[in-house]
Amino acid sequence: MAAVAEFDSVGLRYGTGAEVLRDLDFRLRAGAFYFLTGASGAGKTSLLKLLYLAQRPTRGRIRLFGEELTEAPREAMPPFRRRIGVVFQDFRLIRHLSALDNVALPLRVAGAREEDIEGPVREMLAWVGLADRASARPPTLSGGEQQRVAIARAVINRPELLVADEPTGNVDAEMANRLMGLFTALNRLGTTVVVATHDMSLIEATAGAQLIRLDNGTIDDPAGALRTPSRPARGDG
Amino acid sequence: MLGWLFVSPPERRLLGASSRRAPTPWVIAIMTFTIMLIAATGLALANTASVLSSAIEARFALEVPGGGAKLDQLSAMVRSSPGVTTIEAVSEQDMRRTLERWLGSAAASRDLPVPALINFDVSPGTDIKPIETRARTIEPASRIVSHRDSVAPLLRSLTLLQVVAFGLVLLLSAAAAAAVVLAARGALDTHRFTIEVMHGIGATDLQVTHLFQRKIAIDAFIGSIAGGAAAAIVLLLLAGGAAFAGELTGGATLGAWDFLILALLPLALTALATWVARMAVLRALRDAL
Numbered sequence: 001m002a003a004v005a006e007f008d009s010v011g012l013r014y015g016t017g018a019e020v021l022r023d024l025d026f027r028l029r030a031g032a033f034y035f036l037t038g039a040s041g042a043g044k045t046s047l048l049k050l051l052y053l054a055q056r057p058t059r060g061r062i063r064l065f066g067e068e069l070t071e072a073p074r075e076a077m078p079p080f081r082r083r084i085g086v087v088f089q090d091f092r093l094i095r096h097l098s099a100l101d102n103v104a105l106p107l108r109v110a111g112a113r114e115e116d117i118e119g120p121v122r123e124m125l126a127w128v129g130l131a132d133r134a135s136a137r138p139p140t141l142s143g144g145e146q147q148r149v150a151i152a153r154a155v156i157n158r159p160e161l162l163v164a165d166e167p168t169g170n171v172d173a174e175m176a177n178r179l180m181g182l183f184t185a186l187n188r189l190g191t192t193v194v195v196a197t198h199d200m201s202l203i204e205a206t207a208g209a210q211l212i213r214l215d216n217g218t219i220d221d222p223a224g225a226l227r228t229p230s231r232p233a234r235g236d237g
Numbered sequence: 238m239l240g241w242l243f244v245s246p247p248e249r250r251l252l253g254a255s256s257r258r259a260p261t262p263w264v265i266a267i268m269t270f271t272i273m274l275i276a277a278t279g280l281a282l283a284n285t286a287s288v289l290s291s292a293i294e295a296r297f298a299l300e301v302p303g304g305g306a307k308l309d310q311l312s313a314m315v316r317s318s319p320g321v322t323t324i325e326a327v328s329e330q331d332m333r334r335t336l337e338r339w340l341g342s343a344a345a346s347r348d349l350p351v352p353a354l355i356n357f358d359v360s361p362g363t364d365i366k367p368i369e370t371r372a373r374t375i376e377p378a379s380r381i382v383s384h385r386d387s388v389a390p391l392l393r394s395l396t397l398l399q400v401v402a403f404g405l406v407l408l409l410s411a412a413a414a415a416a417v418v419l420a421a422r423g424a425l426d427t428h429r430f431t432i433e434v435m436h437g438i439g440a441t442d443l444q445v446t447h448l449f450q451r452k453i454a455i456d457a458f459i460g461s462i463a464g465g466a467a468a469a470i471v472l473l474l475l476a477g478g479a480a481f482a483g484e485l486t487g488g489a490t491l492g493a494w495d496f497l498i499l500a501l502l503p504l505a506l507t508a509l510a511t512w513v514a515r516m517a518v519l520r521a522l523r524d525a526l
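First to last, the sequence lines map onto chains A and B. Take the first sequence: its letters are residues 1 to 237, numbered as in the numbering used here. Take the second sequence: its letters are residues 238 to 526, numbered as in the numbering used here.
Hints should not be assumed to be uniformly reliable.
Just a few of them, taken from the derived set where beta-carbon distance is under 8 Å, the chain A residues facing chain B [stated by the list, open to error]: (1) 22; (2) 94; (3) 101; (4) 108; (5) 110.
Derived Cβ-Cβ restraints for the label pairs, each shown as a range [as the list claims (entries may be wrong)]: (6) B:419 with A:90: 29 to 35 Å; (7) B:243 with A:23: 50 to 56 Å; (8) B:239 with A:203: 51 to 57 Å; (9) B:433 with A:13: 18 to 24 Å; (10) B:242 with A:181: 42 to 48 Å; (11) B:243 with A:110: 18 to 24 Å.
Beyond 12 Å from chain B on every Cβ pair, some chain A residues (computed) [as the list claims (entries may be wrong)]: (12) 11; (13) 27; (14) 30; (15) 104; (16) 113; (17) 114; (18) 131; (19) 142; (20) 181; (21) 200; (22) 208; (23) 209.
To be clear, the hints were calculated from the coordinates, so they are not data collected in a lab. Source: prediction; values computed, not measured. For glycine and all other residues, C-beta sits at the position ideal for the given N, C-alpha and C.
Work out the full structure: start from the sequences and follow the hints.
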């Protein structure tokens with residue numbers, strides 16, 4: 001199956017500090033569902049940043065959607081970023097925009113016509129249970145509501161790759177299941193999903209999902225299940 | 238080309254509430270006001286110099302010392318000389334009467350040597366030398382004085398003042414541009430989070446730049462129009478004084494072209510501010526991933 005993302009000996013360090021990610025060799029299959037787990041500080045958020053092109057690796061190579069992007073010029077990034085939906089741990093909603101305008105932002109950035117925006121956005125807000133909060137601004141929303149607006153914004157464009165950092169951290173169990181249901185539905189439609197979480201119950205409840213364990217900046221994958229087929233597993237000689 | 242200026246209301250909301258309280262429009266208004274007054278002064282000086290210069294360009298005076306006994310003969314000679322268009326003889330008595338205003342009865346004293354004068358204009362290209370040569374055969378002590386040479390220091394001062402005015406206009410425009418760069422950087426800092434989010438969801442640098450470019454263009458337009466209007470009022474109030482000055486300088490005032498240039502200054506300043514903001518924002522965004 002085609003790969004959405006391929007990491008080849010990728011390392012990442014911030015400034016002159018130690019590497020927070022080391023020797024990452026893995027591929028994410030198109031249409032698969034992944035959970036990314038690991039202790040705090042293991043490098044989950046850094047790995048997600050590489051995936052949603054907010055960070056460049058300090059070594060190694062990254063291919064996304066079949067394109068080598070490691071040293072691609074910054075002007076080349078926007079079209080790829082539009083194919084990725086991101087749910088940030090801290091939501092990253094624009095405070096002075098309504099929930100509706102926040103969710104509509106990816107459509108507007110992609111150049112959608114105004115008349116084609118409001119309908120789908122209201123539909124998406126209804127899906128995450130916020131139909132009556134469309135005109136509310138983030139500071140007036142609860143943490144859970146902000147989380148749902150952030151998720152609606154991430155998926156409004158039907159991204160090919162959805163990256164979510166602790167997306168259910170601020171919602172109750174019922175809403176968490178509902179949001180995971182949305183991710184699963186998107187996954188069935190072909191979106192590759194990567195969810196970083198500590199919540200084992202979510203992982204257990206999602207059939208067919210694959211686990212990526214990060215341990216101290218490296219991927220714990222002794223069986224080589226995540227590696228590129230043509231590359232031997234580390235330590236295989 | 239100006240599509241970035243006309244965006245939907247939701248896109249207008251991306252940078253938050255209106256920035257009318259921000260200092261940019263005020264700074265631009267003050268700069269425009271000052272630039273317009275300086276430019277008007279420079280243009281008036283240029284017109285004054287032009288009027289003065291054209292009035293004296295072809296004017297000469299034949300000085301006839303010693304009472305001007307041969308004034309009539311000299312006048313006839315000058316009048317008959319080729320190229321002479323107008324002639325006005327001023328006798329020694331007339332000169333003394335004129336001096337009387339300042340010197341009183343001393344002007345009539347024979348101890349004060351006062352020449353008679355023959356003022357005359359010539360057509361362009363006329364050679365003055367033959368006239369002076371003939372004048373000396375009639376009155377050896379006579380000499381021709383060019384009005385242009387007499388007024389040259391004044392004209393040089395006027396030219397220098399025009400250069401100073403032009404320099405000040407450039408300097409203030411540069412200061413306005415620097416203020417816009419600071420405003421753009423301030424706006425970028427204020428909206429850093431919004432920019433990060435927009436980049437994160439695939440906005441291009443140009444899309445982000447257009448937001449700031451539009452905001453600063455509107456601020457600059459409001460400021461420059463307000464400053465321009467205030468300068469226009471001041472110039473109108475000074476119009477009476479300018480007319481008086483015009484009397485002194487032979488009617489030099491601001492012409493239609495001058496007013497057109499002054500009217501275009503606020504628009505030029507808006508265009509400059511918009512371009513500077515665009516460049517400043519694009520350069521700052523280049524530092525992001």
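Hints not upheld, ascending by number | 1, 15, 16, 17
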